[in-house]
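Undergrad: Each chain, written out:
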Amino acid sequence: MSKLTLYENRFFDSEPSVRSIARELYEGIKNLPIVSPHGHTDLAWFSQNSPFPDPTELLIIPDHYVFRMLYSQRIPLEALGVPTRDGSPVEHDHKKIWQLFADNFYLFDGTPTGIWLNHVLSTVFDIDETLDLNTALDIYDQVNAKLQTPEYLPQALYDRFNIELLSTTDPAESDLKHHRTIKNSDWTGNVIPTFRPDGVTDLSRVDWHHNIKNLSDVTDIDINSYKNFIHALEKQRSYFKEMGAVATDQGVLSPHTHELTKIEADTIFERALKGNTNAGDAELFTAHMLMEMAKMSLEDGLVMQIHPGSMRNHNSVIFEKFGLDKGCDIPVQVEFTNNLYELLNKYGNNADLTIIIFTLDETTYSRELAPLAGHYPALKLGPPWWFHDSIEGMKRFREQTTETAGIYNTVGFNDDTRAFPSIPARHDVARRVDCNFLAGLVARHIIDIEAAHKMSRALTYELVKKGYNLN
Amino acid sequence: MSKLTLYENRFFDSEPSVRSIARELYEGIKNLPIVSPHGHTDLAWFSQNSPFPDPTELLIIPDHYVFRMLYSQRIPLEALGVPTRDGSPVEHDHKKIWQLFADNFYLFDGTPTGIWLNHVLSTVFDIDETLDLNTALDIYDQVNAKLQTPEYLPQALYDRFNIELLSTTDPAESDLKHHRTIKNSDWTGNVIPTFRPDGVTDLSRVDWHHNIKNLSDVTDIDINSYKNFIHALEKQRSYFKEMGAVATDQGVLSPHTHELTKIEADTIFERALKGNTNAGDAELFTAHMLMEMAKMSLEDGLVMQIHPGSMRNHNSVIFEKFGLDKGCDIPVQVEFTNNLYELLNKYGNNADLTIIIFTLDETTYSRELAPLAGHYPALKLGPPWWFHDSIEGMKRFREQTTETAGIYNTVGFNDDTRAFPSIPARHDVARRVDCNFLAGLVARHIIDIEAAHKMSRALTYELVKKGYNLN
Amino acid sequence: MSKLTLYENRFFDSEPSVRSIARELYEGIKNLPIVSPHGHTDLAWFSQNSPFPDPTELLIIPDHYVFRMLYSQRIPLEALGVPTRDGSPVEHDHKKIWQLFADNFYLFDGTPTGIWLNHVLSTVFDIDETLDLNTALDIYDQVNAKLQTPEYLPQALYDRFNIELLSTTDPAESDLKHHRTIKNSDWTGNVIPTFRPDGVTDLSRVDWHHNIKNLSDVTDIDINSYKNFIHALEKQRSYFKEMGAVATDQGVLSPHTHELTKIEADTIFERALKGNTNAGDAELFTAHMLMEMAKMSLEDGLVMQIHPGSMRNHNSVIFEKFGLDKGCDIPVQVEFTNNLYELLNKYGNNADLTIIIFTLDETTYSRELAPLAGHYPALKLGPPWWFHDSIEGMKRFREQTTETAGIYNTVGFNDDTRAFPSIPARHDVARRVDCNFLAGLVARHIIDIEAAHKMSRALTYELVKKGYNLN
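Protein chains in written order, with my numbering: chain Y, 1 to 471; chain S, 1 to 471; chain B, 1 to 471.
None of these hints come from the bench; they were simulated from the model. Mixed in with the good hints, there may be bad ones.
As the list makes no split between identical chains, a pair holds if one copy fits it or if it spans any two.
Taking lysine to any residue pairs in the SDA-like style, the calculated list, with each CA pair at most 20 Å apart, reads [stated by the list, open to error]:
no.	residue 1	residue 2
1	K95	R85
2	K346	P150
3	K3	K454
4	K346	T417
5	K183	D207
6	K295	L260
7	K96	V332
8	K241	H94
9	K235	E335
10	K395	H445
11	K395	Q250
12	K454	D103
13	K30	S216
14	K30	D86
15	K227	D141
16	K96	N162
17	K274	E299
Chain Y with its partners taken away, still in its complex shape:
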């Protein structure tokens, strides 16, 4: 058994001058509140405020970052308790699953998931020994016991985490039930929705008709035409705004943007309603809806986020057995310069609009995204996303975008997580990496220490608030 220690200078360069500057910068911003405008936490936790069931249910079963690695090392998802779509049985002994996880926790050495889990165990649950095959059950019991106490209820953790704002991601057709419950409760947590229309803008989805039906129901608009579809979206955007939303989000395979004529849009939509979608319809319609969403954003002021380039459900065996979000979404190459041409030519010069671009294709950082964001007033760069929300990933992002776009065309950090207890860990890693990046600039006399203090505060707190219109 070895001691689980979170070193004070962790993740900073070992070179003493950089390390001490990084530490100085970090001390200046480490206690700033967490602003989390893009994430995927389950709002039911906060609206119901019931205890989290157990360590395995909290930390393993819902976290595809965790079980994707275990699966890659030939541990079946069934053995990890990941529920099947058809209800066929999976391991239900949560202690056994936890033990299996602990036996293989060394696989996460050198990964952000390993870092986050250690941070959660140490700072959230006060565990002081490293998780391994010997300590597994003892740690399970300690965490489990804590989860039953009032201090570990979701709302209590929210407060303890010093969260100023947390956003969920919600389908366009959502009634935002839990958001309403929270609004009407006396809890003071600031949890807002984000408007995500993929389920109704992507004509190729198998659940498209189902989602359109729900959108009709929730808006009381009969979506029997493209025009009504647009009205329904506008109505829901307005409802989301009422419930606190500041942004929309679109997950697209390609960021291709192209405005259809009214007749083209009508025709494609009509074909879709009849189930007669042609090859190419879905791609064109997605390209068109990016243009439409920008137009609506210009009207209602919601910030527009685009997350392109993930091929969803690459592994059809896993998708069919276990469903969405099981660690088998794989990035593809993305092109922005040509694909965003129409969008930026029509809306990119508008100082009242903010479009935030994310990417999983790091090759676009210096080649396309930094030059675009270093020119177009409407365009800002989202932080490193998903696989790149890591120490080296965030370092590459700063090194490859700052010289062309500066830091002021970026928007701080997004944790983008389903794993609520890991939120402080993820923000802490980002703060450390940013401070260390700035310290490297100071140590090499590229910027001075005053600038670095100002920039560290911007990266931690100010840019996210400005970028998402939260001031």
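Starting from the structure of chain Y, add chains S and B where the hints point.
TA: Chains S and B alone, transformed into the frame defined by chain Y:
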């Protein structure tokens, strides 16, 4: 108000052993003359040798590196005095523009533009306080006063900057008026032209007929056929050589190379003359003209430069209002292995020819360009270009090309600038980054210090002279 | 004349804390045996065990890493003694060639080839002065004298190099003559073949009919149909396994995978036999044969290696005069997410299969390969290949894959070399780079020292044995 300091060890690694080796190497080469075989300075400055008008006119209005960043942060180009094409009014109070720039100078923290401007203010104009909202007008006045003195006339600065050679970039149809004036004057500055035929080789340009007309006029050759077009180019190349040119340059979207048959070339050119260019004609003709230019280079010995992969005038709103070179040229992905196949198979084995390739797509450094340059005798790698002419950009270039191509298949540094006062700054940064790169190799015992001294001299002075046939 | 010194801390970071941890880790693994499951040594050396002819014949003439660089600097291959296909004369004075090489050895400063050659000269041949124009002939004589002694016979060097296993790469149609000779001899070296079917699976090769004929002969199967072709492959795989093979290898331009129907495969193969291959046939058949080889691997347990993305013989002048493997194979962009879709969907979930992917396109490390290997149980990442088997190349590989895939989805190091004396050098560099990478993680408190020791042993010895089923 804080002090503007250029630290002696700036941009070197903070680790003491690397830093001291870098410093030692830098001391050995820092005073070598500047050889600048690729740039965009305005020759009228030197031929007329009038005082530069004022700080804003010198440092802000013509520099798209500067105003692109300000524009991205929602400052209109009009407010920065950037002239419109139709003459519609823009801000003409240059002190006010300078103040606006100074108010926002923090945006450049961590960027090469910030570094260069500080270097210019400190070393060229002896300013000792940092530029910000408070010091703006005082600095303006100091710089302005100096500009009116003889020591700040263009020719005086040229001498003070220790420039051994400076090249401009000139259209194929140019009469090189200012070059002739200088040649005939008693000024001893060595300023040479570079032959850039894009205006007449790119059939898709709106000014193509205009440029062809000018080429006819300047050569006294009636360009009514492809054959005469080639003769006119050859005649102008010969004239450029007389005026000192050592190189040509082609800016192409794609580096695709393909030789047309005589009949194909004749036919396409004839269609172009008649204004009947087909879709695809321009691309094919550009691919063909790369082959033709290589053939001419083999005959007349001019070094052939290729700058591919920038989509010009991405922002049509800005282009229409303000014209070319307004910070909205955006890189695209580039492919070299297939595209250069014909060129290299026909000319790449020729030891009498030098083809220098530049790229804005850093992904090609290790994958395509270093392997190609590490094999073909005719091929050399140009330095990191434009967005990548920066501390991190130059570091990536060396790290990603040296192991495969060595340093001797590269050609030193190009400043590529319109901003004349920044030339020493840019070369100084490049020298520091190269010395630091070599110091890292020495500190890790990859090379010894003797090799590093030899290599630092090669990177600073010898390779550029060899690469551009300047010996 | 300066001293040739291999510093004990070479290639480690100069920052003292990282350096000392790296050294500690390296001390723990530096003496582990070499396991080399992928390479291209000439087995005749070991089966005949005759002295290597001379330094030039051993170190220059067969090594395209060496003569590609010299050729790029305008030294003709003829002057380096590289044999022509038609037997036209080349330089045969091996001392003169060695002198020419030594005169230009500075070109390799900062390259892995330079590092390896210095390591070979120092540790294999006890040379203590650096190779340059003055020391050339003296060093030639020293090396030459040693080569005539029993200690420098191939088998003796094999033993001295502490090689536990060495694999060659052999065409599918090989009779593995030298492997049989060695098996039947009393030499205890463990040299195994690898099954490489490219010569018979790539229908576009000019020697395809010739290779098919040889495959027929060696298997005694009349390959007059696709069915018999498959039988012949299966029979040879089985024979390779008998001779010790643990793996196959396929070098393909694109990793596109696609299963043809039986009828499609039959038809394409029949066309190929008749010499009537259609455009597209070769690509489709290659995509299909990747699927077939995976199926066979699932049956016979051979590990499947795929090396995509090299355009062979880019320089047709050199290829026609000198033949294959003359330094003019150039990488191209590669796409994995879509291309491996069929293969991984059919076979990727199988825990009994191992597919090892290599790449020359580093942009795929973080974007595609790490996410794929961090999910699919059958998929592992091969080490940095060819141009990227270098200090910076290996560093980029670890930095860009570890955070997503961990280290346990990689398979240790491959030297992949024709240059037998450089094998210890290449493994030593890899071990140092891996230890230094881990030391950086320890110094930044990302992992602890115990984990680093465990990981360094895995990267050096355990993962290669596990990945290639060598336990």
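Undergrad: Tell me, which hint numbers fail for this structure?
TA: Per hint list: 1, 2, 4, 5, 7, 8, 9, 11, 13, 14, 15, 16, 17 violated.
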